[in-house]
Amino acid sequence: MSTIETEATAPESAGSVRWARRREVIAEVLRNPLTVVGFVIIAAFLLMALFAPLLTEPNQPDPYQSPRDWANIDSPPGEAGHVLGTDSQGGDVLYGVIWGSRLSLQLSLTVVLTTVVIGTIVGSIAAMRGGRLDNLLMRIVDVFLAIPELIFALAIAAVLGPSFRNIILALAAVFWVKYARIIRGEIIRIKQSEYVAAARVVGDSTWNIFRKDVFPNSVTPMVVQATLDMGNVVLIGATLSFIGLAQAGLTEWGAMVSAGQSGLLAGEWWVSTFAGLAIVLWALAFNLVGDGLRDVLDPKTEGR
Amino acid sequence: MTEDWLLKVDDLGVQFHSPRGTSQAVDGVSFTMKPHETLALVGETGCGKSVTARSILRLVAQPPGEYSSGSVQLRNDDGSVTDILSAPERVVRNIRGNRVSMIFQDPGKALNPALTVGRQLAEVFGEHRLGMVLEKAGLPTSRPGGTLVKIAQQRAGWLSVRLFQLFRRDAARALKKAMDDEVASALADTGIANPRKIMGSYPHELSGGMKQRVMIAQALACDPDLLVADEPTTALDVTIQARILRLIHDLQQRRGTAILYITHDLSLVKEFADRVAVMYAGRIVEMGPSDQVLKSPQHPYTQGLLAAIPRADTPRGELEAIAGTVPQLVDAPPQCHFASRCAFAAQACHGHIPQPTVVSEGRLVSCFRFSRAEELDVSAEEMPQPAEAIGGGRR
Amino acid sequence: MQVRDYLIRRLVLLPFIMLGVSVIVFTLTRFTGSPVGIYATPNMTPDEVAALEARYLLDQPIPVQYAAWLGGLLRGDLGWSGVSVAPVTEVIGVKMAATLELAVAAGLIAILAGIALGTIAGVRRNQGPDHAARLFSILGASTPTFWFGLLLLVPFYLWLDWFPLGRSTDAVFASIEHPTGLYTIDALLAGNIVAFGDALRHLILPAVVLGFGAMAIIVRMMRSSMVEAMSEEYVDAARAKGLPEGVVIRRHARRNAFVPTTTVIGLSFGFLLQGSVAVELIFRWPGLGQWVTSAILSGDQATIMAYVLITAAIFMIVNLAVDIAYAYLDRRVVLGG
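First to last, the protein sequences are chains A, B and C. For the first sequence, the residue numbers in my numbering are 1 to 304. For the second sequence, the residue numbers in my numbering are 305 to 699. For the third sequence, the residue numbers in my numbering are 700 to 1036.
Simulated from the structure, these hints should not be mistaken for laboratory data. Certain hints may be false.
[As the list claims (entries may be wrong)] Now the in silico label distances, taken between C-beta atoms and shown as ranges: (1) 511(B) <-> 206(A): 40 to 50 Å; (2) 1020(C) <-> 450(B): 37 to 47 Å; (3) 440(B) <-> 1020(C): 42 to 52 Å.
[Unchecked claim] Which stretches of chain C does chain A cover? Using the computed rule of at least three CB atoms under 8 Å from a CB of chain A, they are: (4) 712-721; (5) 1004-1012.
Glycine included, C-beta positions come from ideal geometry on N, C-alpha and C.
If we strip away everything but chain A, and leave its shape as in the complex, we get:
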C-alpha cells in the first residue's frame, strides 16, 4: 500500500508501485489453472459473439430469431446440415447458441455496468455524507434486499410485459443494491483507517480523499462481485425467459431450453441440452474467474 508520504513526495514512483502491484496480482491470478480455464471460456464466448455474423448467416429481418428450416424440424445433431440439430419449429440450434451469446453479453454487460455505476454513486453518497441521508438510502437498500433478486426481477418484468429489453431493465433495477452496500461498507472501513485520518490532518478536501484514497481501495470487492454477477445475471435472465418473459422464438438460451422442453421428454434431447450447456459454461467461466480473483485479492474471505 502506498502511503500519503510517498504519494506527496514522488507521485510517479507511487504510480509505478501501483502498476508493479497490479502486474503481480495478474501473474498470481493466472497461476490458478481453473481461473485460466475460466478466462479461455470467456474469450471463446466473446469471439463467438463478436464474429456471430461471420460464423452464421444472420437471419433477416431479425437476426435474434433462428432461421426456420421447415423441411427439417426436430432433426438430430449432424443431420441435414444442422450441426447441433433443429427444434420443433425448424430453428437451428447452433445458430441459437451463437446468437444467444450476443444476447447474453448484451444482458450481462448492460446490467453489470449500469448497476455498478448506480450502486457506486448511491453507496458513495451514503458513506461520504453519512447521517440522515445515509440512513434513508440504506433503509431503501434493506427493502430491496428483502425481496430475493429473481423474484423482484420477475415481478418487474411481469408488470412491464414480456420482452428481452424488459428483462434487462428489471435486472438493472434489482442488482444495484449489492454494489451500494459493498462500496458503502468499504468506504466506511477505509475512512476509519489511519491513512485517511492522516490525509484529513494534512487538510485534503473530501473529494480528494475520496478520489485518491477511498475509491481505489474499495474497488477490489466490487471487481470480484461484478465478475460473479456477469454470470449470475445471465443465469437469472435465462430463468426469466425460460418462464416465458422473453419474446417467443428468441435466440436466448433460457428461451431455447424452454422451447426444447417438450422435445426433451419425447427423446429429442439436443435443443435443451445444448442451450443449457451454453448457460452453464457462461456462468461457470465467470464463477471460476470471480473465485480466482477473490482468492488473490481478498484472501481473508476464502481461507486459501
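Starting from the known structure of chain A, fit chains B and C onto it as the hints suggest.
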C-alpha cells in the same frame, strides 16, 4: 549414560515447506531428560523451541511440516522404548494426554469455545481412564466399542445418548456422577475452589488464570510422566504468572512429573529449572545446569542474551542488545547461524556447523571457540579466538 | 450485549421494511393496467366496477389510494386471484405450504450435503477431495435450476419412472387428513406409511434439484471456516489429549466451523425461494412458484403482487431466525471476545 532417562530427543530435524522454499525450523536438536527433572528450553521467538516441544507429541502439521531426521524416544515403565515420531497413530494417541501431556501458551485459544470445560476434561478420562470411570460407576467394562463405552467416551450420537438416558436411567446417572467426580477432583487439585460450578462453564466465562488452571488440570489428569509446558504464563497477567508457576511446581513436587518448559523468560529458568538448553535458529547452542549456565555462560549468544536482560545490579544505561537480527532460515547455508552477529566469528564459523562440545561436567556448548582446528580440518588462522584465552564467563 | 441490541434493532426494523416492500409492490401495480383489477371479480358490470373504484378510493390521490390499499392488506384483503378463481387469501395458504415443504426439504439436503462436503474439503485442503468439492460447489452455483431439473427428469422420470411428477397421487391424497398442508408431516400425523412414502417419492427429485444450487453456497462457507477452525490451537490441544482424529474433526473443528456457516443459510434460503419458481414449473409442484408463473402468463397482477409480498415476508423472517440462531450459537465467541 545410565538407563535412568525418560525422554531422549536425538538429532531431531523439522522442516517446513512453502512456495518460498524449505526452512529448517529445528536442526539436529538432541537432549535427554531424566524422570522428575525440569529442563528449560530457552530462546527467542521463532528459534524452533515451540516446534521442538510439539514434536515430542508429534503435533507438527504435515504438510507443511516434515520430520526430516532424528527420533523422539520415550522410555516405558517396562524398560522398552517407543519412538514417538515413527510409532503407529494408535500408540501415539495412547501417549498423548496420558504419559506425555502439554500445556499451551494461550489457554484462551487452547480451550474449545464451544464446549464446557467439564466436557473437555471429561474427554481425557474417557480416552485414557475409561475402565476406572466405569468401575467407579459400578458398570461393566467388558465390551469395548459398545454403546456404554461410546457414551462414556462421549462418542455416541445424540440419539443413542438420549435413548441411553431414557432406558438405562440408573446407569446414565452413575456414569455421569463418576465422570463428574473425576473431573471435579482434577480441577480441585489445581486449587480451584468451586470445581462443580467451573465444570459447567464455557471458557469465555472464566478468567485467564482460571483457564490456565483448567488446562493444567487437563494436562495432569492422567498423572503423566512428562509435562511439556509451552510458555505457560506468557499470555497471562503478570500478577497471576507467579501463582501459576508455583502451582505447576507444587504439583510436580507432589507427583514427580518431569517438566519441559519452553520459555524466553530467564527468571523462570533460574527459579524452577534444573537444567537449561539455549536454542538459536533451530539448534541448541548451549546446555547445562541452570545455575552454572546463568552464572557463567559460554556461548557468545547466551552471553548476549544474559547481557540483554535487566538485573538488579546492572548499572543504568548499560543494558546491551545483541547486534543484528536472527537470520532467515529459508534454504540457509551450512554454517554457524549466529556467526553474522557474533563478535568472535572467524572464517571457520561461516563454513562449518559447530557440534556440541563438552566443556565441563554436564555442560555442552556448540561453538568453534571450544574446538581445535584439526577437528575441522582447517588452518588455525581460520578459527575464532579460543574461549579459554578470554577466560569465559560474563564480561 | 451488542448482539441483543442488534437483534432488537432488526426486529423493530422488520415491519418498516415490510412497509417498504408494500410501497414497491404498490408502485408496481400502478405501472400498467387497471388497479381496480386487484379488487374486482370477473363477472362484475361496469357500474359495479365504478362503485368499487369509488369504494376503494381509486379516484383519490395516490397516497390516499396507497393508504386504502394498505388497509385492505392489513385486513387480509389481497385481492382476487384470476388464475385460481378465488380470493388470494383463500388459496395462498395451500400454495405457501407446498412451497415451504419443498424449500425446507431442499434446504435440509443442501445443509447436510454442504456441511459434509465442506468439512471434507476443509480438512483435506488442496488435496483431491477438496478440489472435487470445490468443483462440485462451483458447478452448483453455475447450473440453472430449470435446466438441471429437466436433465434429471429424463433418466429418473422418463426412463426409470422412479419419481412421479406433481405432489401426490390423488387416491393417496384423499385417504388422509391434511391439517398442516405439508404432505409428509400430514402422513406422519395420520400414521399412514403409504401416504408418507408417496409424499416422499414426489418430494425427493425436486428437492434435490432445488438443493443443489443452495448447497454450493454452504460448501464454500463451510470449507473456509473449516480451514480456519483446523488451524486453531484448540484443535492441536484436542489432539494433544490423545483424541482420535475423527473426534478432533467432528467435535472440535466442525462444531466451531458450523457457527459462521449459519450466516449463509439465510442467504441460501433466498436461493431456494427463487429457485422454486422454475422447479415447481418443471415438476408440476402446485406451490407459489407455479402459481405465480401462470399468473404472469395471464397477466394476473393481484397474484403476482401477493406472491412478492409473501416471499419477501418469508425470506425476512427466515433471515431473522437465522440471525437469532447465529447470535445464540456465537454468543460464546462474541461475548468472550
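Structure-inconsistent hints, enumerated in ascending order: Of the numbered hints given earlier, the structure breaks none, since each of them holds.
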